[in-house]
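Protein chains in written order, with UniProt numbering: chain A, 1 to 270; chain B, 1 to 270; chain C, 1 to 270.
No lab work stands behind these hints: they were computed from the structure. Keep in mind it's a predicted model, so treat the numbers as computed, not measured. Hints are not guaranteed to be accurate.
For chains that are exact copies, the list does not tell them apart, and a pair is met inside one copy or across any two.
[Said to hold, decoys possible] Here are the computed lysine to aspartate or glutamate pairs in the EDC-like style, where the Cα-Cα straight-line distance is at most 16 Å:
id: 1; residue 1: 259; residue 2: 145
id: 2; residue 1: 18; residue 2: 241
id: 3; residue 1: 259; residue 2: 191
id: 4; residue 1: 259; residue 2: 128
id: 5; residue 1: 18; residue 2: 145
id: 6; residue 1: 259; residue 2: 235
id: 7; residue 1: 40; residue 2: 263
id: 8; residue 1: 40; residue 2: 241
id: 9; residue 1: 18; residue 2: 192
id: 10; residue 1: 40; residue 2: 191
id: 11; residue 1: 40; residue 2: 254
id: 12; residue 1: 18; residue 2: 230
id: 13; residue 1: 259; residue 2: 239
id: 14; residue 1: 18; residue 2: 222
id: 15; residue 1: 40; residue 2: 145
id: 16; residue 1: 18; residue 2: 39
id: 17; residue 1: 259; residue 2: 192
id: 18; residue 1: 18; residue 2: 263
id: 19; residue 1: 259; residue 2: 49
id: 20; residue 1: 259; residue 2: 233
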Amino acid sequence: MIRSLLFVPGNRPGLFAKVARVRPDAVVADLEDAVAPAEKPAAREAALDALAAARPGAGLVLVRVNPPGTSWFAADLAAVAEACARGVADGVVLPKYESAAQLQTVRAALPAGATVVVGVESALGVADARSLLAAGPDAAYFGAEDYIADLGGRRTPAGTEALYARSAVGLAARLAGVPAIDEAVVDVRDEEAFRRNATDGRNIGYRGKICIHPSQVVLAHEVFTPTAAEVAEAEAVVEAEAQGVAVINGRMVDAAHVKMAREVLRRTGR
Amino acid sequence: MIRSLLFVPGNRPGLFAKVARVRPDAVVADLEDAVAPAEKPAAREAALDALAAARPGAGLVLVRVNPPGTSWFAADLAAVAEACARGVADGVVLPKYESAAQLQTVRAALPAGATVVVGVESALGVADARSLLAAGPDAAYFGAEDYIADLGGRRTPAGTEALYARSAVGLAARLAGVPAIDEAVVDVRDEEAFRRNATDGRNIGYRGKICIHPSQVVLAHEVFTPTAAEVAEAEAVVEAEAQGVAVINGRMVDAAHVKMAREVLRRTGR
Amino acid sequence: MIRSLLFVPGNRPGLFAKVARVRPDAVVADLEDAVAPAEKPAAREAALDALAAARPGAGLVLVRVNPPGTSWFAADLAAVAEACARGVADGVVLPKYESAAQLQTVRAALPAGATVVVGVESALGVADARSLLAAGPDAAYFGAEDYIADLGGRRTPAGTEALYARSAVGLAARLAGVPAIDEAVVDVRDEEAFRRNATDGRNIGYRGKICIHPSQVVLAHEVFTPTAAEVAEAEAVVEAEAQGVAVINGRMVDAAHVKMAREVLRRTGR
Numbered sequence: 001m002i003r004s005l006l007f008v009p010g011n012r013p014g015l016f017a018k019v020a021r022v023r024p025d026a027v028v029a030d031l032e033d034a035v036a037p038a039e040k041p042a043a044r045e046a047a048l049d050a051l052a053a054a055r056p057g058a059g060l061v062l063v064r065v066n067p068p069g070t071s072w073f074a075a076d077l078a079a080v081a082e083a084c085a086r087g088v089a090d091g092v093v094l095p096k097y098e099s100a101a102q103l104q105t106v107r108a109a110l111p112a113g114a115t116v117v118v119g120v121e122s123a124l125g126v127a128d129a130r131s132l133l134a135a136g137p138d139a140a141y142f143g144a145e146d147y148i149a150d151l152g153g154r155r156t157p158a159g160t161e162a163l164y165a166r167s168a169v170g171l172a173a174r175l176a177g178v179p180a181i182d183e184a185v186v187d188v189r190d191e192e193a194f195r196r197n198a199t200d201g202r203n204i205g206y207r208g209k210i211c212i213h214p215s216q217v218v219l220a221h222e223v224f225t226p227t228a229a230e231v232a233e234a235e236a237v238v239e240a241e242a243q244g245v246a247v248i249n250g251r252m253v254d255a256a257h258v259k260m261a262r263e264v265l266r267r268t269g270r
Numbered sequence: 001m002i003r004s005l006l007f008v009p010g011n012r013p014g015l016f017a018k019v020a021r022v023r024p025d026a027v028v029a030d031l032e033d034a035v036a037p038a039e040k041p042a043a044r045e046a047a048l049d050a051l052a053a054a055r056p057g058a059g060l061v062l063v064r065v066n067p068p069g070t071s072w073f074a075a076d077l078a079a080v081a082e083a084c085a086r087g088v089a090d091g092v093v094l095p096k097y098e099s100a101a102q103l104q105t106v107r108a109a110l111p112a113g114a115t116v117v118v119g120v121e122s123a124l125g126v127a128d129a130r131s132l133l134a135a136g137p138d139a140a141y142f143g144a145e146d147y148i149a150d151l152g153g154r155r156t157p158a159g160t161e162a163l164y165a166r167s168a169v170g171l172a173a174r175l176a177g178v179p180a181i182d183e184a185v186v187d188v189r190d191e192e193a194f195r196r197n198a199t200d201g202r203n204i205g206y207r208g209k210i211c212i213h214p215s216q217v218v219l220a221h222e223v224f225t226p227t228a229a230e231v232a233e234a235e236a237v238v239e240a241e242a243q244g245v246a247v248i249n250g251r252m253v254d255a256a257h258v259k260m261a262r263e264v265l266r267r268t269g270r
Numbered sequence: 001m002i003r004s005l006l007f008v009p010g011n012r013p014g015l016f017a018k019v020a021r022v023r024p025d026a027v028v029a030d031l032e033d034a035v036a037p038a039e040k041p042a043a044r045e046a047a048l049d050a051l052a053a054a055r056p057g058a059g060l061v062l063v064r065v066n067p068p069g070t071s072w073f074a075a076d077l078a079a080v081a082e083a084c085a086r087g088v089a090d091g092v093v094l095p096k097y098e099s100a101a102q103l104q105t106v107r108a109a110l111p112a113g114a115t116v117v118v119g120v121e122s123a124l125g126v127a128d129a130r131s132l133l134a135a136g137p138d139a140a141y142f143g144a145e146d147y148i149a150d151l152g153g154r155r156t157p158a159g160t161e162a163l164y165a166r167s168a169v170g171l172a173a174r175l176a177g178v179p180a181i182d183e184a185v186v187d188v189r190d191e192e193a194f195r196r197n198a199t200d201g202r203n204i205g206y207r208g209k210i211c212i213h214p215s216q217v218v219l220a221h222e223v224f225t226p227t228a229a230e231v232a233e234a235e236a237v238v239e240a241e242a243q244g245v246a247v248i249n250g251r252m253v254d255a256a257h258v259k260m261a262r263e264v265l266r267r268t269g270r
């Protein structure tokens, strides 16, 4: 269950220990967007050394490699595979995911059971999301910034320009049974914008959020964790169904409500 | 022409006669969401007995069966087929429509000429809507509540979370030449919300509305029946085209306007 | 680079010279929607005579033919082909584009190197946009009025009814590497509505705008030409990347930003 997928610049390994305090569900040491080309090899080594020295938190520890097709991809993947084998990382984040063969390459390189989170963040990735996600990654994030950049468009606060793609990726993820992680909110100081955007994402069916600053993790958990009232209602619905009660709180207990109630309880770990 | 598809709980057959007063284009005795599992067999019998005793109104009389894959489906379908053969029902509403084979099964069970309205209301139904509707149901509704529940999302008053799917189903219906019936409005007391939502649906190309309360029928007819002004303009456009007049009311008479004008007149039965 | 695709009624060739003053990137002599059926042959002749007499401006000169399947299509296409061969037109606008075979027919009729702009403006065109645009037109416009008319819907100022299709066509165009030209704004007096609508289009990735009045050309160029500030920022990003600088103006220089910066510079001709 990844409610928060927190990216930390791979070339600032000193941050790894600090971000553990906010208890993200997954920490990602980012070797891609956060690291300039000239620094890539040094950042890779420093990041993996830091992970070996201390695990950043109790959640998943992942490394975002550079995309397939770049000169860094093979060495990044080999380094992460070794880290997984040694137990210092749990898996990989594969950005710009555009063909099922890329996922096969990554799975083949990693130890069995390693986690693979893919990024759907290009025109081709969005257009082919259904077959790409059917190939079976463990989770997928929708990268709105990169997607809109790939279209030559521009991001806006309302985000209408990405609604089609965000909806399409959410649907494709559901069809494949893959948890979907929602787009980043770039302005890390605007908590209300994050809450609003995360709520929109949850309404579409997303299960968690990209976080690009530790302060966003608590907000993501707030939005993507069912509230006590939601849990209580879900329990009532499930119990009503089990006892054959047709109406609860003046509302028909139908299949859709039971399904949503079970989903709520599943997210609380019950 | 189904401007209103009014669902009535199958386990409350006393309502059937009452709803006839609002003259819905189609009445649906609902054996699915409206009926708790323990009550299914009794509700089926009571509903069909009531339909045999008195036809609820002058419009189509349909029965919503439980979905394919449930233990009630076969008996529901057999009962509706018999009711159609006896002339007490006109056809079936098939919920959670997800494969063309389901439609074939239903067509094969019913007398020739029976009406089949399908529900597109799941991730798979929306994703495959184009081929599913090309299989040729008589009409299709978009079930936003169930679709969003299937995604694990949540409904909002604005409905942005379902815009992608609602648009995709409307487009698929047009490609197949199947009339599309728009999502339900759950708050049955909010007339303005219904009008606004129905207007949005009509703007996307929907031809009618799911109604879950008799009071919504008059609102659906209000929105989905062309106004006198619309009819007058449509007549003017069609006449202008017939006489080779290029401009009407200061507006070019082009193919798109003629097409829309014909559609307006068709909806008034002309 | 077509920031403005200005349509001029083919039966009013006197306007051709006038519209040249606003310097549209492309002028289109429209033989389709602007001309009533009875006037089609005379308008064709008058339009092409006028183009032969004087080129309307320094940009592309195109002729919109009537759609494939109409009785005028063959003669329209032959006349445009001849005009292209004589150098008085640069190509054709093919409306209601719905099959790759239509594009092949047009390409085969025109001299090599002639420009073909297609219109995606029907249910089928939108649904098949990915394969239709992969067939390789030089540019494509999205016709929201005709698309919504084809669905039997209605246009609104907010345009939500066309967001799905507008997004799908923009994505399909990007996948095919075909510049996408955005929908028309019908109220030619409302400059703010045009700016807003064009900005939305640019945000989705569109490269230019249909113009149906000369006054809209300057607005289209305003929106679709990068500003001095955008150019300066783009230059800074590209230079930072070349020098291996990782952060510019407090923002990480990542692949998405470099890509957008290059796109901005490309639009200014650099």
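How the hints compare with the structure:
| no. | hint | in the structure |
| --- | --- | --- |
| 1 | 259 / 145 | between (32 Å within a copy, 11 Å between copies) |
| 2 | 18 / 241 | neither (46 Å within a copy, 29 Å between copies) |
| 3 | 259 / 191 | neither (31 Å within a copy, 28 Å between copies) |
| 4 | 259 / 128 | neither (28 Å within a copy, 21 Å between copies) |
| 5 | 18 / 145 | neither (26 Å within a copy, 42 Å between copies) |
| 6 | 259 / 235 | within (12 Å within a copy, 49 Å between copies) |
| 7 | 40 / 263 | neither (41 Å within a copy, 25 Å between copies) |
| 8 | 40 / 241 | between (55 Å within a copy, 13 Å between copies) |
| 9 | 18 / 192 | neither (24 Å within a copy, 48 Å between copies) |
| 10 | 40 / 191 | neither (32 Å within a copy, 48 Å between copies) |
| 11 | 40 / 254 | between (54 Å within a copy, 12 Å between copies) |
| 12 | 18 / 230 | neither (32 Å within a copy, 36 Å between copies) |
| 13 | 259 / 239 | within (13 Å within a copy, 53 Å between copies) |
| 14 | 18 / 222 | neither (20 Å within a copy, 47 Å between copies) |
| 15 | 40 / 145 | neither (22 Å within a copy, 47 Å between copies) |
| 16 | 18 / 39 | neither (22 Å within a copy, 57 Å between copies) |
| 17 | 259 / 192 | neither (30 Å within a copy, 29 Å between copies) |
| 18 | 18 / 263 | neither (32 Å within a copy, 37 Å between copies) |
| 19 | 259 / 49 | neither (44 Å within a copy, 31 Å between copies) |
| 20 | 259 / 233 | within (13 Å within a copy, 48 Å between copies) |
Hints 2, 3, 4, 5, 7, 9, 10, 12, 14, 15, 16, 17, 18 and 19 from the earlier list are contradicted by this structure; the remaining hints agree with it.
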